[in-house]
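S.K.: Chain residues, written in single-letter form:
Number of protein chains: 2
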Amino acid sequence: MKYGKLYGVGVGPGACDLMTLRAVRVLREVPVIAIPQRSRWDESVAWRIAAAPVGAVAGQERLFLTFPMTKNPQHIAPAWDTAFTQIGQRLEAGKSVAFIAEGDPLFYSTFIYLHQQAPTRWPGIEIEIVPGVSSISAVAAVTSDPIADGQERVAIIPASYGLDDLPDILERFDTVLLLKVSSVMPRVVAALEKADLIDRAVYVSKATMADQKIVPDLRSIRNDRCDYFSMVVVSRKHRNGVLAGRGRAAVGAPRKVDMDSSLLTAER
Amino acid sequence: MKYGKLYGVGVGPGACDLMTLRAVRVLREVPVIAIPQRSRWDESVAWRIAAAPVGAVAGQERLFLTFPMTKNPQHIAPAWDTAFTQIGQRLEAGKSVAFIAEGDPLFYSTFIYLHQQAPTRWPGIEIEIVPGVSSISAVAAVTSDPIADGQERVAIIPASYGLDDLPDILERFDTVLLLKVSSVMPRVVAALEKADLIDRAVYVSKATMADQKIVPDLRSIRNDRCDYFSMVVVSRKHRNGVLAGRGRAAVGAPRKVDMDSSLLTAER
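The listed protein sequences correspond, in order, to chains A and B.
Taking this note's numbering, the leading residue of the first sequence gets 1, the next gets one more, and so forth.
Taking this note's numbering, the leading residue of the second sequence gets 1, the next gets one more, and so forth.
Treat the hints as calculated values from the structure; they're not laboratory data.
Treat each hint with caution, since some may be false.
Pairs count within a copy or across copies, as identical chains cannot be separated in the list.
Once the Cα atoms are required to be at most 25 Å apart in a straight line, the calculated DSS-like pairs of lysine-lysine come out as [as the list claims (entries may be wrong)]: (1) K194 to K71; (2) K213 to K180; (3) K194 to K95; (4) K237 to K180; (5) K194 to K237; (6) K180 to K95; (7) K95 to K213; (8) K237 to K213; (9) K95 to K2; (10) K194 to K180; (11) K2 to K237; (12) K5 to K213; (13) K2 to K71; (14) K2 to K213; (15) K5 to K95; (16) K71 to K237; (17) K71 to K180; (18) K2 to K194.
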């Protein structure tokens, strides 16, 4: 059987104009865009990014698919069953389907499970990845703190799955990016305090989106319910941006961080 | 003094259409584009990416700056002196300058040193970062192997600055991205053989460029002089793409890896 082509298209971290030229072109050309959303009532974040640049396309189907935000397989499995059926019907009809993903489609994305399952479900299917600007590049851009340079090492850790060896990782890497921190902020703050690195850390959510948030004092939000699209960046090195001039000397008496107002603005 | 604005603009990993809409717009609007090149005779890689999408802009200056590819400070320092003088003259005249960088401007980029020095040299200068698709997203896209998903951890290591603890890092991270491997391939191969992970690794250079190269058998190039824009990806997990079906069982008798021809094509 000759299936349509499956695309995984990264739409970038949040600002519409951080989509790539290729992403816009592919999304204008395909007959079907598959759009993940958290529930039938929540607007899709990926589609909020892509909708305006892609615009109206005559005859194009926008296929909304719901993936509940839970680790409970009893809720996720039926959602994926529906998604596979819906996407499969289009592919089997020879239509190409572009599944959109915030950031990059192969970096902690919903698309990865589809990508993994596709060759079994639709043997011989052609898959094409359109890479996107990732959340880590977005966070670096809005804090103006480099991710890494020269001989520096970077670790990327999903914080909600274990922080026991964080002190050791903080010793051995120059920049540590903690993802999925929303549910574990108290433990993240405790681990950073213990490592004497609480003042070398910054919390960022929804980088480059209109409602982005940059919080240099993690203690002030240690008990908050944080956004899903959030990250904590820990940098041993003194950087130029939000992390400039902060460090061990400041522990216990965090000084006010001067942030250029341009850093706090999502749109150019 | 009111300086022009300094932009660090990521032009993405190699294919022209992986530039973002914002990068193209900024580069069309600024009066000066600063373009790093390795020598006066080597074409700038960043400009090769940006030139066509940006096109001709009346009255715009393209300022070529040479940064020799060396760690020798005696050669780098004069290059930066020239760059600071040249860029400074434009900024002091109130002109905005966009410095272009391959990939993302805050991820192992020449721009980072300029970014670090700028606030001292031009006090109060406004700096804006335009993030780009990084080389790691590009490598994932062309190999079709996800960088990380769910609870997986990622380590990014510049290989030319020490590999002693690589076995330990390979134990503790799901995906390890080794950058700057060109001069240390024999040591990278030896370390991966020792860790029994040589068949879980793939070499990629110039991902998404017209002359990209994907080499699943690292042993075949262990003594080659590799390209500067190259990376070795090591993944413990069985992935879908180039790394599919490879693993410990294959050690000593690496099977031929089937690669979808679409994976080897740089352009869509």
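S.K.: Up to 25 Å between alpha-carbons, please classify K2 paired with K194: within, between, both or neither.
M.R.: Classified as neither; 57 Å inside a copy, 43 Å across copies.
S.K.: Between the shortest in-copy and the shortest cross-copy C-alpha distance, which are at most 25 Å for K5 and K95: within, between, both, or neither?
M.R.: within (7 Å within a copy, 46 Å between copies)
S.K.: Is it within, between, both, or neither for K95 and K213, if the alpha carbons may be no more than 25 Å apart?
M.R.: Result: close neither inside a copy nor across copies, 40 Å intra and 30 Å inter.
S.K.: At most 25 Å between alpha carbons: which applies to K2 and K237, within, between, both or neither?
M.R.: Classified as neither; 53 Å inside a copy, 29 Å across copies.
S.K.: Could you place K5 and K213 in one of the four classes (within, between, both, neither) given a Cα distance threshold of 25 Å?
M.R.: between (38 Å within a copy, 24 Å between copies)
S.K.: Measure nothing new, just compare the shortest in-copy and cross-copy C-alpha distances for K194 and K237 to 25 Å and report within, between, both or neither.
M.R.: Cα proximity of K194 and K237: one copy only (18 Å, versus 32 Å across).
S.K.: Please work out whether the CA atoms of K2 and K71 approach to 25 Å or closer within one copy, between two copies, in both situations, or in neither?
M.R.: Answer is neither; intra-copy 34 Å and inter-copy 52 Å both fail.
S.K.: Within a copy, between copies, both or neither: where do K180 and K95 come within 25 Å Cα-Cα?
M.R.: neither (35 Å within a copy, 41 Å between copies)
S.K.: Measure nothing new, just compare the shortest in-copy and cross-copy C-alpha distances for K237 and K213 to 25 Å and report within, between, both or neither.
M.R.: within (22 Å within a copy, 34 Å between copies)
S.K.: Using 25 Å as the alpha carbon limit, work out where K194 and K71 are close: within a copy, between copies, both or neither.
M.R.: Answer is neither: 29 Å inside a copy and 36 Å across each miss the 25 Å cutoff.
S.K.: Between the shortest in-copy and the shortest cross-copy C-alpha distance, which are at most 25 Å for K194 and K95: within, between, both, or neither?
M.R.: neither (54 Å within a copy, 46 Å between copies)
S.K.: Between K213 and K180, at a C-alpha cutoff of 25 Å, which is it: within one copy, between copies, both, or neither?
M.R.: within (15 Å within a copy, 34 Å between copies)
Going through the hint list in order, the structure does not satisfy hints 1, 3, 6, 7, 11, 13, 14, 18.
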